[in-house]
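As given, the protein sequences belong to chains S and C, one line each in that order.
Taking UniProt numbering, I'd label the letters of the first sequence as residues 1 to 628.
Taking UniProt numbering, I'd label the letters of the second sequence as residues 1 to 616.
Please keep in mind that the hints were generated in silico from the structure rather than gathered at the bench.
What you are looking at is a predicted structure, and each value in this text was computed from that prediction instead of being measured.
Be aware that one or more of the hints could be misleading.
Said to hold, decoys possible - Computed footprint of chain S on chain C, listed as stretches where at least three residues anywhere in the stretch have a Cβ under 8 Å from a Cβ of chain S:
#1 323 to 336
#2 340 to 348
As the list claims (entries may be wrong) - One-sided excerpt, in silico: chain C residues whose CB lies under 10 Å from chain S:
#3 ARG94
#4 LEU105
#5 PHE178
#6 ASN528
#7 ILE532
#8 LEU566
#9 PRO568
Every residue gets a Cβ at the ideal spot worked out from N, C-alpha and C, and that includes glycine.
Each chain is listed here by its residues.
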Amino acid sequence: MASSVVRAYLLPLILTHAAVGRNVKLEMMSRVSHVSRLVSNKCQRRRSFTQAAAVIRCQAANSVPQVQSEKEEASASSSRSSSQGGGRRRLPKGSSDGSSTDGTSSREDIRTLRIKKVEDMRTGGYEPYGYTWERTDTAQELQSKYVDLASATEANEEKDHVSVAGRIMARRVFGKLAFLTLRDDSGPIQLYCEKARIKDAAFDQLKTSLDVGDFVGAKGTIKRTEKGELSVLVEELAILTKSLLPLPDKWHGLTDIEKRYRQRYVDMIMNPDVAEVFRSRARITSEIRRHMDNLGFLEIETPVLQGEAGGADARPFVTHHNALDRNLYLRIATELHLKRMVVGGFERVYEIGRIFRNEGISTRHNPEFTSIELYQAYADYRDMMNLVEDLVTRCSLAVNGSLCLEYQETEISLERPWRRASMHSLVAEVTGIDFATFGSDIVAAKAATLEYFKGQIERHDTAAIHKSPSIGHLLNEVFEMVVEKTLIQPTFVMDYPVEISPLAKPHRSQAGLVERFELFVYGREMANAFSELTDPIEQRARFEAQVRVHNATMQAAAEMAKLKGDTAVVTAAKDAYEVGMDEDFITALEYGMPPTAGMGIGIDRLVMLLTNSPSIRDVIAFPVLKSQ
Amino acid sequence: RRESSWKQTGERDARRRPIEELTNATESKEAAEEEEQEQEDEASARKPSAKVQAEHEEQEIDPTQYTRNRLQVLAEVKAKGINPYPHKFHTTMRLPEFVKTYSKLDAAQRLEDKIVSVAGRILSIRSSSTSLHFYDLHGDGVKIQVFAELRCSGLNETEYGKLHAGIKRGDIVGIEGFPGKSKTGELSIFPSSIEVLSYCLHMLPKGQASAANAAGKSQHAKHKENVVPEAWRPGVPRNLDRYILKDQETRYRQRYLDLMINPEVREVFSTRAQIIRYVRRFLDERGFLEVETPMMNMIPGGASARPFVTHHNELNMDLYMRIAPELFLKKLIVGGLDRVYEIGKQFRNEGLDLTHNPEFTMCEFYWAYADYNDLMKVTEELVSGMVKEITGGYKILCHSNGRDQPPIEIDFTPPFRRIPMIEGLEETSNGKIKLPNDLESEETNKYLQDACERFDVKCPPPHTTSRLLDKLVGHFVEETCVNPAFIMHHPKIMSPLAKWHRSIPGITERFELFVNKHEVCNAYTELNDPVIQRERFADQVKDKEKGNDEAMQIDETFCTALEYGLPPTAGWGMGMDRITMMLTDSQNIKEVLLFPAMKPNEDIVVTSAKPLGTAG
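Can you make the complete structure from the sequences, with help from the hints?
Structure below.
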């Protein structure tokens with residue numbers, strides 16, 4: 001198996017080598033010591049240079065070398081900057097790329113050609129994969145340092161000798177003059193290359209070997225061109241990394257969405273906005289961390305691999321530990337372990353970490369996602385409302401400098417205070433049904449619900465209503481069906497039914513409810529918090545009830561599957577999972593947990609909201625995708 | 001059950017009730033004794049001869065009975081419609097702030113007009129008389145004394161007696177009162193009200209919470225201290241034998257007990273948090289961007305290790321838990337983020353031992369346009385700076401040679417020693433090992449096998465050159481690395497992702513930092529030539545075929561990324577657990593993980609109270 005893989009991927013390589021007429025075996029052997037060979041063999045260098053030149057001459061015959069004036073250069077560059085302003089950045093198509101045939105040749109041809117260039121450079125004594133480059137400034141630093149430099153002027157004092165490095169995004173060569181657009185982490189800057197000014201044979205190398213997509217380092221002074229383009233007037237130029245594959249002519253944004261996620265790095269090269277999302281993401285987590293640290297919370301790490309997946313009701317991932325010969329689950333929440341730490345005497349703890357749920361993927365779901373969970377002793381759920389308001393507004397200010405957002409063409413205001421309403425009242429508001437009036441008469445509640453939905457809902461929704469094992473479940477079902485999507489502006493939905501909240505403390509004044517809220521923005525759950533249940537005896541009873549309901553649901557699913565046939569039975573069996581009872585957690589509660597409030601916030605969804613990203617895949621660098 | 005609708009109103013009177021109720025079930029001491037000394041008697045209360053009634057009670061009852069009694073009390077309270085678990089207790093300050101604010105008071109000084117409320121766990125109970133009780137209240141790593149006099153309580157004698165008879169060791173209480181000091185100078189709160197907020201239903205492990213500082217400290221000095229015993233700090237040896245809760249199994253399986261009872265443990269984990277915070281700040285200040293890469297991968301890459309495998313149901317696809325974030329982070333450098341880092345969990349499906357846990361925390365960073373020389377400088381800066389900031393100096397002490405041996409000193413003063421691997425091996429073996437020039441040859445492999453035999457160095461098969469060399473270096477070179485030292489210039493065969501050395505054939509621009517004979521960092525100039533990367537992967541596959549199931553797999557998507565061009569980049573990884581072990585004098589990785597992986601042990605059933613039928 002493995003060896004066939006090797007062969008499979010070595011094959012194109014061998015073909016590549018064969019295609020350029022070199023002895024493959026020799027090449028493979030010699031690579032081991034090519035560095036020393038390159039250093040020592042000067043004669044060979046001269047010879048190969050002429051060789052390389054010949055190759056380039058052949059290529060050049062295919063494309064007509066154009067000689068342009070600096071004015072044309074400037075107009076080309078201004079079109080670039082305009083496209084840069086408008087969201088998705090596109091490369092100027094069909095640039096006058098002197099040596100490269102990227103535009104027309106197939107990908108594989110280009111790759112072959114470039115591997116040849118790599119070899120030729122090495123033969124010429126030049127290592128095309130450099131080791132290091134000392135840079136003095138980023139592109140952005142230069143842009144701001146020289147913002148006042150007038151057009152058509154140079155700055156070439158001692159302090160104006162700069163060094164930059166980055167990827168070449170555009171290349172225009174005209175005889176003894178070349179313009180390169182270099183882009184680094186911070187942004188673009190032009191390299192102004194005059195043959196006369198450049199040391200050694202670097203200008204020739206630029207003409208023969210440099211392609212768009214390569215990394216270069218450049219040293220020189222500063223010049224602003226007549227058209228106002230800030231440039232490094234290059235004295236020293238080095239190819240630092242030779243790229244083998246051509247960058248796409250243009251990146252087919254939405255039409256090629258799948259590829260954008262699979263090759264995120266290409267997405268990032270072509271669309272600087274993408275990197276900006278990840279910068280915002282880092283700012284958001286950093287802001288959260290700073291605020292939590294300032295409030296005296298301690299960041300801790302609890303295990304991902306657990307003997308039992310608790311703290312939520314979700315299908316966990318299962319794995320196997322070989323040495324222990326034992327199945328382990330990937331955590332579905334950090335809650336139970338963090339609460340143990342509150343028992344242990346850490347009065348304020350939090351963890352920002354990865355959570356795993358074995359569910360389908362969608363624009364809002366990735367099997368692994370990041371949450372912050374935090375626990376504060378001597379606080380209750382109202383304290384958590386203030387805390388989350390504080391956190392989210394700080395993050396918004398850090399990222400957008402404002403509390404007014406536009407999310408997917410909807411205005412959202414994060415101005416405090418946010419709306420607070422009970423789940424009962426919200427459902428009553430939309431449906432006119434007051435679930436409090438049913439007491440424990442679930443039959444009446446279902447009848448009223450079905451009456452309300454009469455003729456408006458799909459069969460599976462009707463089934464969900466029928467299946468609801470309690471008034472609390474039913475209320476939640478109706479809430480999810482009709483209310484959630486209406487909660488566009490930030491809203492705290494408060495006081496959930498106890499049946500769906502096994503870890504929350506009973507409400508201090510309303511029977512059947514718990515002190516819990518979820519925060520909704522744009523119809524999405526952003527945070528979930530409660531006054532934590534601290535009574536070990538009640539906790540045990542709640543877990544037992546949860547297990548009962550869960551088992552009944554699984555049982556019902558199995559029965560349904562039986563009616564549908566064998567495949568369905570197999571699927572149902574595979575999808576079934578257990579909700580365990582974390583005995584040790586109950587024991588921890590028996591040692592006494594202070595009154596505590598806890599909260600979980602989905603970081604990915606928060607980043608989506610604050611960066612106006614429609615899909616969770618836009619805020620996760622490498623989302624899980626179907627295998628190709 | 002919820003219909004019991006507790007009348008929890010938050011009013012003081014209502015809150016005090018449950019405590020009084022509690023006393024009904026326990027034998028309450030008659031408060032008939034004459035009103036005793038107004039003068040404080042805490043010193044005598046500490047003497048063994050004094051009436052340490054609460055602890056005596058505990059000793060007389062067996063743990064199961066104790067728990068049963070407390071559950072009984074709880075049930076009775078609930079039956080009366082009272083909520084024994086209040087929703088909220090408003091504290092005006094946390095205990096460390098209390099200590100900071102009032103520790104300058106004079107002995108016997110009382111600020112009677114200053115009302116504060118604090119909360120914490122009671123870990124020690126002393127009674128001087130029926131009208132005077134002392135508690136040690138612990139919270140957030142400090143403790144204060146609760147000086148509970150009948151006089152200040154606003155209760156009559158019976159009420160007062162019942163209240164205090166109901167408070168047990170381990171209970172969490174909220175207290176309102178005024179600050180002051182006792183005549184012996186102990187910082188105290190003088191309560192006007194005490195409310196139990198959560199009950200400890202189990203007997204806590206025996207021993208005075210302050211017993212840990214018995215070593216050479218006078219009783220008197222102890223009283224003055226509010227920072228829980230003899231503040232241990234990072235870089236200083238710990239003495240686990242002095243812990244009250246010593247049993248390792250219990251400490252690791254029930255970490256909350258460990259934290260509650262052994263005050264140093266809390267400091268170990270705050271040191272861990274401090275270390276991670278330091279690294280994050282260090283990198284943030286240098287313009288590195290923190291990112292998150294997937295923990296579930298299609299191909300486990302970036303290291304040589306056995307991965308965990310799991311299955312995604314809906315996609316019907318096997319996924320591997322990551323063994324390193326390296327390949328993803330390098331893809332982000334390809335994408336144009338010039339400096340990135342990630343601090344996160346890695347997973348390796350290997351056995352448990354003193355330095356290995358199946359999940360562990362690593363920091364990796366990648367730095368475009370830098371090389372391994374830059375990395376060595378930055379490593380020196382980061383590591384020595386960390387030790388200096390966290391311990392106050394460059395030198396630390398730890399029990400590297402075992403708990404029964406005296407601690408040794410480790411000196412982090414930069415610069416660190418640099419040892420080229422092959423030369424180092426030849427030197428530390430006193431010239432008895434002299435490797436053939438071509439490290440990749442059969443001859444070398446044969447030579448290394450012989451050498452391992454000669455020096456009795458065990459190397460389980462497969463006997464790849466890389467593994468043999470690793471064992472020999474471990475035996476000879478790493479053993480000399482107590483103070484931080486870079487072992488560098490690993491042969492190419494050992495380092496499939498590192499770049500070949502720019503001037504010395506056969507080796508790579510790689511180093512590992514060893515401290516205390518353990519690898520702490522691994523770093524290199526990154527291999528960014530896709531053609532050579534593919535060759536290196538192919539060599540790994542050959543290794544795999546030879547039976548080394550930890551060898552790397554080919555990651556085509558990574559090679560493709562390299563073909564788009566990875567700039568010259570330096571990459572670095574550090575095991576956060578290992579460095580924490582060093583600064584906290586921990587010889588076992590379990591000491592620095594809150595919840596270490598443990599062998600399932602059916603014999604150890606965590607003591608859990610059986611559900612008491614309808615209780616609650």
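Okay, the hints, checked on the actual structure:
no.: 1; hint: 323 to 336; result: holds (count 6)
no.: 2; hint: 340 to 348; result: holds (count 3)
no.: 3; hint: ARG94; result: holds, 7 Å
no.: 4; hint: LEU105; result: violated, 24 Å
no.: 5; hint: PHE178; result: violated, 19 Å
no.: 6; hint: ASN528; result: holds, 5 Å
no.: 7; hint: ILE532; result: holds, 7 Å
no.: 8; hint: LEU566; result: holds, 6 Å
no.: 9; hint: PRO568; result: holds, 5 Å
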